[in-house]
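Visitor: Here are the chains, one letter per residue:
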Amino acid sequence: MVLSVFGVFILLVLSTTYILFSSIRMQEIADSSFQKERNLKSMQESLMTYQTPLLEYLSTRSSNALAKLLVDSQTLRNKIPANMPKSTDSTELREREVYALILSFLDMADAAVEAKRGRNIAGYIPVYEEMTRLLKYINEEVEKLSTERFRDQLDAYGVFVADFRNIQLWNLLFIIFISFFSILLLLRAVEKMTDPMVRLSEMATELSDGHFGVEDIKTSSIYEIDHVVEAFNRMKNEIGKYIEEIRWQENIKQEYMQERLRNLKMEELVRRMEIYTLQAQMNPHFLFNTLNTGMQLAIVEGADRTGEYMEYLSLLFRHNIRNKDSIVPLRHEIEGLKYYFYILKVRFPKNLDLVLDYPEEMLDGYRIPVSILQPLVENCVVHAFKNSAGPSSIVVRIEKRRSDLVLTVADNGCGISAEIVEGLLHPLPIDESSSRVMGLENVIQRLYFFYPDKKDVIEIESASGSGTTITIRIDTENEPCIAF
Amino acid sequence: MKLLLRIGLILSGLLALVAFSLSLALVRALHVRGAEADSRAPEYHFALYLPDNRNSFFTEIIRGAENAAEEMNAVLSIHTIDPARFDLEMASFSGVDGVVVCPYLEHSFARRQLEKLQARQIPLVLINHNVPNDRPWPYIGTNNFDVGRKMGTIAGRTAEEEVRLAVVYSEKEPGMFAERELVEMGIADALREKLRGPIMSLKTNSNLLDAERMVYELFTDDSRINTVIFTDSNDTIAAAQVIIDMNLVGRVRIIGSGNDPGIIEYIRKGIVTGSIVVNPEKIGYQAVKSLVELRSAGYTSTSVDTGVEIVDGSGR
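Protein chains in written order, with this note's numbering: chain A, 89 to 572; chain B, 7 to 322.
Some hints here could point you the wrong way.
[To be verified] A few chain B residues that face chain A, going by a derived Cβ cut-off under 7 Å, partial list only:
#, residue
1, L11
2, G19
3, A22
4, A25
5, S29
6, L32
7, V33
8, L36
9, P48
10, H51
11, M78
12, V81
13, F99
14, G101
15, Y305
[Said to hold, decoys possible] Simulated pairs of lysine-lysine, BS3-like, Cα-Cα distance not exceeding 30 Å:
#, chain 1, residue 1, chain 2, residue 2
16, B, K8, A, K324
17, A, K306, B, K8
18, A, K224, A, K124
19, B, K122, A, K232
20, A, K329, A, K306
21, B, K122, A, K224
22, A, K543, A, K488
23, A, K341, A, K324
24, B, K288, B, K122
25, A, K167, B, K8
26, B, K288, A, K280
27, A, K474, A, K433
28, A, K426, A, K542
29, A, K156, A, K124
30, A, K167, A, K224
[Claimed, not checked] Every beta carbon over 12 Å from chain A, so not counted as near; a handful from chain B, in silico:
#, residue
31, S62
32, E121
33, A165
34, N285
Just so you know, the hints here were simulated from the structure itself, not pulled from any lab data. These figures come from a predicted structure and were not determined experimentally. Every residue gets a Cβ at the ideal spot worked out from N, C-alpha and C, and that includes glycine.
Go ahead and model the full structure; you've got the sequences and the hints to work with.
Guide: Below, the structure is given as structure tokens:
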């Protein structure tokens, strides 16, 4: 900035100096054309005054006159240019001749003075006469020369004035342009100074919006500004780094919190389930006692069929609550299902056909989550045959396909709409769903829970009016995920 | 904004530079013109003293002298020989390196001035007219006796009968008038027995049309003259027109001087019989050349005849 201001100052000073120089130069040129004229006129006047002491000396031999004569003679000789060039210009040539005439005149004066000193009267009188004629001739020549030169100068003056005008015009334009240039140079310097500030302000706005990825501000050539810019860039980069670190920590914290929340919910769920289990343990005792009483009453009263029914009912309840494990042998699940089938046959003796198809040798070889078949059968009974008047059928089939244990529950009921199937297979997250999950949903959620990596652990094939087939595929080679 | 600023800076800078350069160039040109010096400093300064009359004859002498001066690295100042102006009288004080004089003045005065120059050892060359002296100065010009003979030859060649002759001299050609005796001797020598009666001498003044008056008066007063010789080209042209006007073509022969286009045209038409042509440019050139020789070698030819030619209808 200082350099620019100094540069502009120097530029203006130089421009003004040049204008001054050109004006002085033109004055000198104009003056020089008259200088020769002035010289000649001055010599002409000196020659006229020179006559007086000369005549005085020649007539009186006065030493004062002689002294003055010698001084004047020397002065005049000094005024004559030492080297008069032979010029092709006729005026200058004539001037040269005039100076030669003056020199001759002075030589003649010296000769006359010598003659006077030697009292040679015949010597100095004709010389003086010749000098008089010569002086007259010199005067005429000077006048003639002045006239000629004036005539020449008139022509030259016209050219000079035209040139002078042109020079002044160009000088004016030069000053205008150089001033304009200087102003622009200053503006550029100011811009150079303010531009980093503007960019700093813009960057500050960007930073306040949280954009720390903007490019660094380039440094200017101004030391002080560069200092600020560098500090700002450094600050921006440091803050950016801190912010990134904080974000990273925040993300970790959020992930941790989410995990913790999920664990809490899971714990809550587990606790609730434990409570349900406890409650369920308490109620069955009363139920078992009641059922035993009912069964004994039926035997006493001779109602064997009612007694048998209540015995199976009691066996089913006992089966459901006896085993608290999450994963049970397949045999255990089949036993429970048999008890349930007996009860269903009693309930629907005519129009419900129940089929349980399984290979006996598989029952002890595989383990499955507890209570996953009975809810499915119950779901069929409750929903599939609501509006059905014809014979209903529920087939439960267990088979092995490669490494998968495939459990199928099929009915010939009214079917399930696609939307409901979709809703069932893609349940809401556990933290968003209601805690009152019943029947089929319960089974699906538990299967997803135990086999999170197996997306096809359960499939529902259904069409309106043509029944529903629910297939459960349990990978026998992978253990179910039972840890939280 | 930045781009505009940059363009403005470049543009104003360039314009300022252009204005500055032009201004500087003009100042420099003005300075150089003011202090213009000859690239080659002339070696000699010669002075040429001629009559005030600036007719074509003297103009050509000056042109020839200037050409020679330029060629031989000398400069030339032109002065009048008029005694009233003291130019020649003061020539010895003027610091020149040599003097060329056309001395049609009165001989004693001319000789005095020339001797004054000689006394100051200033090289001197005479042109067009000689001044008799014990130690003759170098002379450049025509021999007027020869000129007279050539005039007489033209007159005699075309005259079948006797020649009654008038010679018209002129202030415009003072050299010829100054040596009129020589001219007339030459004419008489060429015509011999064809010349009838004495030669009539007439003189016109410096007025270009004075010859018209003179010819008119001549043929009004004396009709016996059948041949008129003019020594100046302007007089020749003026007289030819009067001869036509007075219906004297064929009866009066005109012999002129010079080779102006007008004279050549009159010769072609047969109005002017012939013309004597001297070469004044050569005289001027040779004069300066002789001065340079005098300055550089110390000697030159005593006399250089620049010759005379005849132009007539025969094509010679």
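Visitor: Now, for every hint given, state plainly whether the structure supports it.
Guide: The hints, checked one at a time:
1. L11: holds, 6 Å
2. G19: Since the shortest Cβ distance to chain A is 5 Å, the answer is holds.
3. A22: Hint holds; A22 (chain B) Cβ to chain A Cβ min 4 Å, cut 7 Å.
4. A25: OK, holds: A25 (chain B) within 7 Å of chain A, min 4 Å.
5. S29: holds, 4 Å
6. L32: Holds - the Cβ of L32 (chain B) comes within 7 Å of chain A, reaching about 5 Å at its closest.
7. V33: holds, 5 Å
8. L36: holds, 5 Å
9. P48: Because about 4 Å separates P48 (chain B) from the closest Cβ in chain A, which is inside the 7 Å limit, the hint holds.
10. H51: Interface hint status for H51 (chain B): holds (5 Å vs cutoff 7 Å).
11. M78: violated, 13 Å
12. V81: It holds, given that the least Cβ distance between V81 (chain B) and chain A is near 5 Å, below 7 Å.
13. F99: holds, 4 Å
14. G101: At 3 Å from the nearest chain A Cβ, G101 (chain B) passes the 7 Å test, so the hint holds.
15. Y305: violated, 23 Å
16. B:K8 to A:K324: It holds: about 26 Å lies between the C-alpha atoms, which stays within 30 Å.
17. A:K306 to B:K8: holds, 16 Å
18. A:K224 to A:K124: Satisfied, since the Cα-Cα distance of roughly 20 Å is no more than 30 Å.
19. B:K122 to A:K232: Holds: K122 (chain B) and K232 (chain A) sit about 25 Å apart, inside 30 Å.
20. A:K329 to A:K306: holds, 20 Å
21. B:K122 to A:K224: Roughly 19 Å between the alpha carbons, so the hint for K122 (chain B) and K224 (chain A) holds.
22. A:K543 to A:K488: holds, 18 Å
23. A:K341 to A:K324: holds, 25 Å
24. B:K288 to B:K122: holds, 27 Å
25. A:K167 to B:K8: violated, 64 Å
26. B:K288 to A:K280: Violated - the C-alpha atoms of K280 (chain A) and K288 (chain B) are around 79 Å apart, more than 30 Å.
27. A:K474 to A:K433: holds, 17 Å
28. A:K426 to A:K542: holds, 29 Å
29. A:K156 to A:K124: Satisfied, since the Cα-Cα distance of roughly 26 Å is no more than 30 Å.
30. A:K167 to A:K224: Between K167 (chain A) and K224 (chain A) the Cα gap is close to 20 Å, so the pair holds against 30 Å.
31. S62: holds, 21 Å
32. E121: holds, 15 Å
33. A165: holds, 49 Å
34. N285: Nearest chain A Cβ is 25 Å from N285 (chain B), so the label holds.
Violation of the numbered hints given earlier is confined to hints 11, 15, 25 and 26; the remaining hints are satisfied by the structure.
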